[in-house]
Every structure is written in C-alpha cells, then in structure tokens.
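Asker: Below are the chains, spelled out letter by letter.
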Amino acid sequence: MKCIQCGTDNLLRDRTANQGHCKQCRHRFVFEPTTMGTNKITDGFFAKAIADISANNTLYFTLKQLLYLINQRLDRRISANLNGLQIGGFILVGVGVFVVKPAWFILVPLGIGLIILGSTKRFRRKQRIPLRVSASQLQDWLHTWTQINGAPEKLLITPREAQLPTVVSSEVSAYSFDRLVVCESDTIAHLLITNNFHFENNCAVLSVKGYPKNIFDTTMEMVRRNPELKVYTLHNCSAQGIERLHQLRQSPKWFLDSNVVIVDVGILPHQVLNAKSSTFIQTSPEAAQAAQQLSPNIRQGLSANELKWLDAGNYVELESFTPRKLIQILNRGIAGSRDLVMDSSDSYILMDSGDSSIYAVDSFG
Amino acid sequence: MGSPITASIATQSRQLIGYWGYGNPAIFAQQLHAIIQQFSPDEWVIQADCANQDIRVAISASGLYGVGQSPETQLADVWVQLQEQQLRLERNLFGRVTLYWTQIEQVIWFATRLQLLLPLLTVPEVSIPGLYGYSCFSYVPTPLTPIANLVAIPAGTEQVWQRHELAGRLSALPVTQSCEWRESSEQIHDEAAAIADLQTLLRTAVERQLTDIQDQPVGVFLSGGLDSSIVAALLVQMGVNVYAYTLDFGTAGTPEYPYAEQVAQHLQIPLIKVDATPRRVQQALESATLALDLPFGDAVTVPLFLLNQAASQDTAIVFNGEGGDQLFAGWTNKPLIAASIYRQEILADPALFANQYLQTFHRLWGYEIEVFQPRVYEQIQSIQPQAWLQEALDPTCTRSLLHQLRRATLMLKGAQNIQPRATNLAFAQGLWVRSPFCDPSLAAWTFQLSGELCLKGACEKYILKRAVESWLPTEIVWRQKRGMGVPTTSWCLQEWWRALGQWLNPAVLQAEGIWQADLAERVISGKLGGAIQGRRIGEILWLLITWQTWRSQVLGETVRPTSWEHPFWLPPWVWHLRSISNFLFNNNYEV
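If you read the protein sequences in the order shown, they are chains W and R. When we follow our numbering, the leftmost residue of the first sequence carries the number 231, and every step to the right adds one. When we follow our numbering, the leftmost residue of the second sequence carries the number -6, and every step to the right adds one.
Any given hint might turn out to be false.
Unchecked claim - Here are some of the chain W residues that sit facing chain R, going by a computed Cβ distance under 10 Å:
no., residue
1, N287
2, L368
3, L524
4, N527
5, I528
6, Q530
7, Q558
8, A565
In case anyone wonders, no lab produced these hints; they're calculated from the structure. Here a beta-carbon is modelled for each residue, glycine too, at the ideal position from N, C-alpha and C.
Given these sequences and hints, build the entire structure.
Answerer: Here's what the structure looks like:
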C-alpha cells in the first residue's frame, strides 16, 4: 500500500513493523485493508475518492455524496471481479474446445459454470447498488482521516443559518433573476449556492423548505418581478419529489395563480427504470405510503411500471450523484435536454460537450 | 551644454513608431528605417526635428482625426508629443488604439503596434506576469504586455519622460490618469426625460462619425443583437449607404444570424453572411493572430477577422455596436448582482469582491498549480491578479454597485479587450472602425443614469431598449440576448479534434516550459475542475490555442517537435472508451 504523503510502497510486513506508519516518512496510515473484511479500503483509495467527488478540490460536496461514491467504487470493484469471472469462463470454454479428452469434459462445463455464475450475480445486481459502507462507518473513517491528514477542504459543513432576514440594499433588490431553481432539500440548495451555481447562471436558488431563510422573502420578491421567469424544480426520485411541481403551482408561498413556467428537472422513475447503469435505490415504508397518497391526477400521469416502482417504496436521492453530475443535470435541464440525466457516471465530460450553456460571452456588439 | 535629444517619429495613417532620448542619431535612424521597411515601406512619413518645434501626432481608429487637427480632439485615440524637454504618450479612455514603449539604455522607443517594437529586442522573452494575466482574463492586462520589457500605456492615462541635460539621462514621471469614469452626483430617475436625452445622444454620436461620408458605402457588423442593430438603424435613418455583415457558424450552436436577417430586412439593407465554419476559422487562425498583434483569447476573434476581411472587399469604413453592453449594463453584470444577494459580505470587502469579479472571466485563475509548469508556478506565486482590477473597481469613483460594475467593465473588458482587438482586426484589413457607443458625451451621460433605468427587474439595458423600440422590430429590442456564442467546445471535440494534437501537443508544451504537457487532455476529460463543463471547455482550449499560435506567429518562435503521445490521433469515440475503462478499473486499490 502506497503512502499518500511520500508515495513509498509499504508491504504488510513494513506496516506491521512500523506500527501502521510509513517506513519512509513515518506518515500514519488511516486504513489497514487486511483487517477490513470484504470492504478493503486503502489510504490511496480514500484520497482518490475525496479528489474525485470534489473534482480535484474545485467543488464542495456533502458527506452523503462521499458515502455514495465510496459505495459505488466498492461495487464497481465487485463488477470488475464478475467481469473477470465471465472472461475466465469464456477462456476455459475456448481452451476446452481445442484440447483432448478428458480435459475437455472438465474445462468446458467449468467455463460455462463460471459464465452462468457471473451472469446470474450480475443480473441480481442490475439497477440496485447495495450500501456496503454505512454512514456511521464513514463518519468514523473521516474522523481518523481528519486527525491524520486534515479535513477535506471542500467537505460541506451544514451552515448555521441566520434566522433574521438580511437587509438587501434597494439598489440590488430592484433587479431580478432570469430563473429560479427550487431544490428538494436545504442541503442541495446549500450545495448549489456554495458551488456558485447562482453566480454562474444568474439564478436564484431556494429550497422547498425556504432555505436560505434570511434572503428567502427578498429573493421571492425579486423573482416575481420577472414576467418571463422560468422555475426549475430539482428533486429526488420519489413520490414526494414528483409532487413538487404541483405544490409549487398550488402554494401561495410559491406560484399560486401565476402563469410562470415551471419545469421539472428532477429525477423521474422512468429514468431510473431505463438507466444504463446501476443506481442507489433505497426503500422505505414512508416512501411507499407517500406514493399511495399521491393525488389521482399525478398517478394518472405515471406509467404502470413507474407506479409499481414507487408503490414498492423505492426512491433515489439526489445526493447519490456527485456535485459535478448534479450541476450537469441542472445545466442540461435548463438548456432543455434531459438526455444525460441518468447516463452513467461523471467521467464522460468528453461526450457532454454541448455549447448549450445558458450564457455565451462572445459578442461584437 | 549637455547632449542634445535625438528624436524621430514615423507615421502612416493607422500606425506610428518613434524614439526619443540620448544616443547616436544615425544608428537610431537606421533602426527606424529598417523597421518601417519591413512594414509597408511606402506609406510612412518621418518627422525628426523636435528641437525647434513640438512634434504632435495622433492616430484614431475611426480615421476621423487627421493631420492639422488639434491632438486634443475627442476623435483621436492615441497622442504622442515630442519636445526638446519631454516626451508625452497618451491614450484615450476607450482604449481603441494601443500604444507601447520600451526603454533601451537612454532611449524610449514607442509604437502603436507591438510587432513594430519586437525587432529592437535582441531576444524577445515572454513576460511571466503578462502570461499569468492572460491566463486569468484572456487578454494581457495593461500596463503589462506578453513581452518582458515592453510596456503598454493603459487607456485613459498619460506617461511623460523628461530629460536631464547634464547627466544625459531620462526620467519617467509617474503615470497620470488623464480622464476617468465617475458616477455623477445627480442621477436621472425620470424615464421619459432619459429616453429623450438618449435618443438625441445616440443620433449625435452617429452623426459625429459621419462627417467625412458622402455617398460611399459603409459596413455594419450586425450580430443580431441590440447594439449593432441600433447603429445600423441610425445609419439608415441618416441616409447612409449601408452594407451589413453577419457570421454563420455552420450547424453547431444556436445561430444568431436569423436575427441579423430580420434587422436587415426591416431596414432594407443588404446582408452579407460570412462563412465562419470551423474549417475557415482554422484556416484563418494564423493570419488573424498576426492581425490581432496581442494574444486575445476569446473565440470570437477569428470570426471577427473573417468579418473584417469580407467587409474590406466593399468598403473602407465599418461600424459596430461595441461598447453598448459596457455602457448600459448588459447581462454580464447580472452574476455579480446575484452574488451580492447570496454573499452580501462581498459588497463590504473589496478583496472578496475582486475575487468574485475575477471569476466572471471564467478562465484559469484558481487553477494555477494544475496549469503551469513548476518553474512558472513559482514565479507567479507572488503576483496578485486582484491588483490588476484595483483601479477599475475603485469604490471611491462610484456610489452604487451598478455604476461600479459599468465602470469596471468599460475599463477592463472594454478598453483592454473588446475595443483594441476590434481596431487591430480592422486596421489589418485597411479599414477604419467606428463605434458610436464609444462617444464621450454619451458615455459621460450614462454615469448619470439611476440603476433601475439600466437593469429593471430582469431586463438589462432597459432605457436603451425604451429609447430605440420604435426604430427596430420588437423582437430584436426586447428578446433576451445572450451574446454570440462561438461553438468552440463542439468544434474542438469534433472538427478540430486532430488539430488539437498539433496545436496543444504535449511534447511542444513540455519543451516550452509554460503549460503542463497534458493540459488539453485534462481540460477535455474534466480533470481540471468541476466548473469546467460545456462551453467552458472550448473557451479554455481556445485560450491555449491562441497563446500557442501567438508565440509562433508574432513572437516568431520555432514550433518544437511534436510527439504522438497524446489522445488526439485516436478518434474521439476510442478515447471515450478509454476513459470509461480507466474510470471503471482504476480505483487505485493496492495492498
């Protein structure tokens, strides 16, 4: 295992002989993978997870987002093992065909067995990723990590919210925003604001619960001043999430009796069901109950498969996406495309290459 | 009696170069002669005797300032005054024409074009602060230039040198601000009065630019946006023979030319659609870089070069709408207003405000350690880019946020980027360029406008729209304009994919010692930072491409040997597969 400070490779005997310290620079290791059962994690693995979730320390992230990423990585390792299982099976069958008895009788059935085993396990794993590492386990790891390596710079701390309204100068509040993003949770709104989404897109960002409280009323006053305002609702894939658009239209706190355009850019069940890659689907009785209580006209708008999925209490949290992916989802939603919402992971910037950003900067007057 | 001052200045209609100081007159005259021989030798006029008379020369972007006029006229853009006792270099506040100087021993050499001074330097070296400024803003902030020991006169300032007769030495006086933008103590709130004033000011601004025009045709660069449409409408109202030119970027991106067509149809003027497809932009890159003189890293530059090239076939004078966004608070101010709601502390803290302002440029500020090679990174660590904004963001010149932002935009994005690049591109095609929004009276008047007349609700340039709504189609006036986006990301990832391997070849970057070798690959794969998505990818790649092309074309550096160790020789889809496999299997797990 490599030391994250000096890069020296330390074998188990080195780590044991040095009481968990690097033999070269004496930096302490946080993890000892040989004692971790199936969830083997190294310091390098954890450091890379932090670097990746924060897009090389350029985006803030929540603890839960890190939890999902680590679980996804552990799951992919198992996927890679399954790939290996299947590839091994094909090789055995291939070799078996060209060798003489009795090896043929052993190799071919063994190969077919491995292929079937790999496929069965893969089939069972389709769509749903289990949480192998729990939130409390991650908290413990992070605590030790912080003691040894310092706190991750971009880990989002829940803010102590100012309760009293902040006075915004009339000069500033006379203006408006081009659009408003209403987030399912305070955490997601906080995440977007901390990552400067409002600044990049001249966009007001609020949560359904009214975060940030100190500027909520002023911001609503400002957005109402724009007759061409577009509102985007960003929500979990859940019964409650699906209801958000309806709630924004019906609530006097939001846009009752207004003709404002409200666009749903949240995650919808059909996207999860049609996802090309597996997803962190969770289940709870509360989610099932919320699905049953959806208003008839909302239920009518959903397909039988979607209803079945929701009624089973399934949901997917926005925080199961990385900050970069969330910003991508939102940008694309605002630009009018939902194509990539559930398209695999974060690394596909190459193909996510549109110039369809909200603002363009070049001009000749 | 000490040594006499030797001085000389060579001028042609659009450029000047000269020297002033102590030294051997014959050698200097020879150097000057050699330089002007290299650049269009026939057109230069040389004046050399400043002992008996003041030599005063001025250049204007519009071509309206001529010999015999007072240099103090508002129509000139740079002034040079050579006297026995002192040398004075000065630039107009709008920054349309550039002016540079360098001191070689006890002589000041000055010129309106950087390339005119390059032959004087034994080995021109890249200025690391200039390069760093370029990486932050996409232009080199004045007084820096991209060349070490070459200095730019900032717009709106004057620089004076005096002689010390007995010591035979020169001394530079502190740079002084010859004029600047300031918020007026009295603000206009009455909308009707403002509309009437503005209509008159706009008409006068255009009339001022028409004094030498009889029947000859003039060109208008019509983006389809409000500002250029206003200029076109006023020219037509005044009976000028107008040809309009607009850009066609091909199939990528959202086209703006349908709006230009709508305006041309409304005004009944011919519209020439200029092909600015990726193939043509690629072909014109080197010529455009030479024409620009300085590295201007916005993707619109080469399309603008093509626009000027097309216009030069029909006319000698082009009009544009440059300056309208800066004067009337276009949408570029909105992000900072949004930021001031969510982070109110930035309004009270100039350092935080400067940081937030730096982010509006969306270039490489904040990514230094990821971008530069260690040698360069070490040199830039002590540089504070916020210092380049300090003057423009000076809160003592304005009371309100919007005036502060307008002032800053005029001084930074306007005077250091948009205006000089427009002039350089026009001059390279033998054109005069006229920007009615760069009118001193109009600009001074906008500093009397109350904020709500500029940005009303979400509507930017409100008062301008109200003033011109009867001159243009309603859709052109009131639609939400988002600027003209050059689809560089799409071009880089498709048509230019292979060319990227040449332009930003890792072996070349490594050998040059400035940018990190795999920078292009990291920008495309999203590894540079989470905020670099969508169009930001193309903007940053173009910034790098422009710099590299500038080094080879203007600085004359030989391009180092390229290598094949880059992903751009593979088709993009192969690279895509590679990145997927890396992502799936590279979990950095080892025991």
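Asker: Take the hints in turn and mark each one as holding or not.
Answerer: So, going through the hints one by one against the coordinates:
1. N287: This hint holds: W/N287 lies near chain R, its Cβ roughly 8 Å from the closest one there, short of 10 Å.
2. L368: violated, 17 Å
3. L524: violated, 33 Å
4. N527: violated, 32 Å
5. I528: Violated, about 31 Å.
6. Q530: Since the shortest Cβ distance to chain R is 35 Å, the answer is violated.
7. Q558: Since chain R brings a Cβ to about 6 Å from W/Q558, closer than 10 Å, the hint holds.
8. A565: holds, 8 Å
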